[in-house]
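Asker: Sequence:
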Amino acid sequence: MVATDYSDSAGSAVHYGVSLANRFGSLLSLVSAVEEPYSASAGALVDIKKRIREQALETMEQVKQEVSGQLTNGATIDIHTVDGDPGRTITRVAKAKDYDLIVMGTKGSTAARELFTGSVANAVIKNSKLPVLAVPVKAPFEDINRIVLAIDDQSIDGPHVLQPLVELLRAYGAELIVYHGDRDGDGQGYDPKLPEYLSGITHRFEVRSGKEGSISEGIQQAVKQHRADLLCMIYHDRGFFGRIFNDSTVSKIVFDCPVPLLVLQDT
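In our numbering, each number is its position in the sequence shown, counted from 1, plus 847.
Accuracy of the hints is not assured; some may be wrong.
Listed next, the in silico DSS-like pairs over lysine-lysine satisfying Cα-Cα at most 30 Å (straight line) [what the hints assert, rightly or not]:
1) K985 x K911
2) K973 x K942
3) K1040 x K985
4) K942 x K897
5) K944 x K897
6) K976 x K944
7) K942 x K911
8) K944 x K911
9) K1071 x K973
10) K911 x K976
11) K976 x K942
12) K976 x K1040
13) K985 x K973
14) K985 x K1071
15) K1040 x K1071
16) K944 x K973
17) K897 x K911
18) K1040 x K973
Rather than coming from a laboratory, the hints here were simulated on the basis of the structure.
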């Protein structure tokens, strides 16, 4: 599911959605949420919503025609408009339609500026049970050849949490670097079952010492140093990463990078 308002950022998200649909031979759904106008008389409100919906459908139909010729491997495409607040509506529709992944564009100059200031993308990440791929507006599409998985010191509920990442790695034949910022300097601290969960996947660990602030910077540096095409993190309401997803100051440091962010759900 590509949730879009057809800004420039949405265009980047569509490119990633097409690539994923082709890799998995899956359905690609373009979904646009139509919000209530803030001020209008009852009759005018109906007309405004109708026009907005018609414009959204017209735009999505144009994109559908452009994208259809790019689909391979049995991938298909459809389009939908839905009424309601985008954050809540996207989450509701994704659950009702049984999608596997939500892809969203971020409007800020970096993913952080859009994701972590009460934005739609942040609301979806926090309320959805599905993985979310957030694509910064300045991130041109790149094939996914190398992924950095940043992990903290919290346990992971099980291998199912990492399954979307594992499937992505296999589909693209990508390399995985597991990055851990070690706050106490003992060279450990991450879930000891993680190597087991990644069994059969080519990966390597990179552990660096540092305090919380330098850990945030370390994630950013790891993405740049390894020329990663994707940053992956696990969302849970505990530990250092729990604070990152609820602290806009810290998150801006962590996500000041030009690559998409895949957020897996550990709930």
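Asker: Need the status of pair K897, K911: alpha-carbon distance at most 30 Å?
Answerer: Holds, at about 21 Å.
Asker: Is it true that the CA of K911 sits at most 30 Å from the CA of K976?
Answerer: holds, 27 Å
Asker: K985 and K973: Cα distance at most 30 Å?
Answerer: holds, 23 Å
Asker: Quickly compare the C-alpha distance for K985 and K911 to 30 Å and report which way the hint goes.
Answerer: holds, 22 Å
Asker: For a C-alpha distance cap of 30 Å, please report whether K1040 and K973 respect it.
Answerer: holds, 25 Å
Asker: Compare the distance between the alpha carbons of K1040 and K985 with 30 Å, and conclude whether the hinted pair is satisfied.
Answerer: violated, 36 Å
Asker: Quick one, are K1040 and K1071 close enough, alpha carbons at most 30 Å?
Answerer: Since the Cα atoms of K1040 and K1071 sit roughly 27 Å apart, the hinted pair holds (cutoff 30 Å).
Asker: Verify the proposed pairing of K944 with K973, using a straight-line Cα cut of 30 Å.
Answerer: holds, 19 Å
Asker: Is the hinted pair K976 and K942 satisfied, with a Cα-Cα distance of at most 30 Å?
Answerer: holds, 8 Å
Asker: Need the status of pair K942, K911: alpha-carbon distance at most 30 Å?
Answerer: holds, 23 Å
Asker: Does K1071 lie within 30 Å of K985 when you go C-alpha to C-alpha?
Answerer: Since the Cα atoms of K985 and K1071 sit roughly 15 Å apart, the hinted pair holds (cutoff 30 Å).
Asker: Given the hinted pair K1071 and K973, is their Cα-Cα distance within 30 Å?
Answerer: Judged against 30 Å, a Cα distance of about 26 Å means the pair holds.
The structure is inconsistent with hint 3 alone, although it conforms to all the rest.
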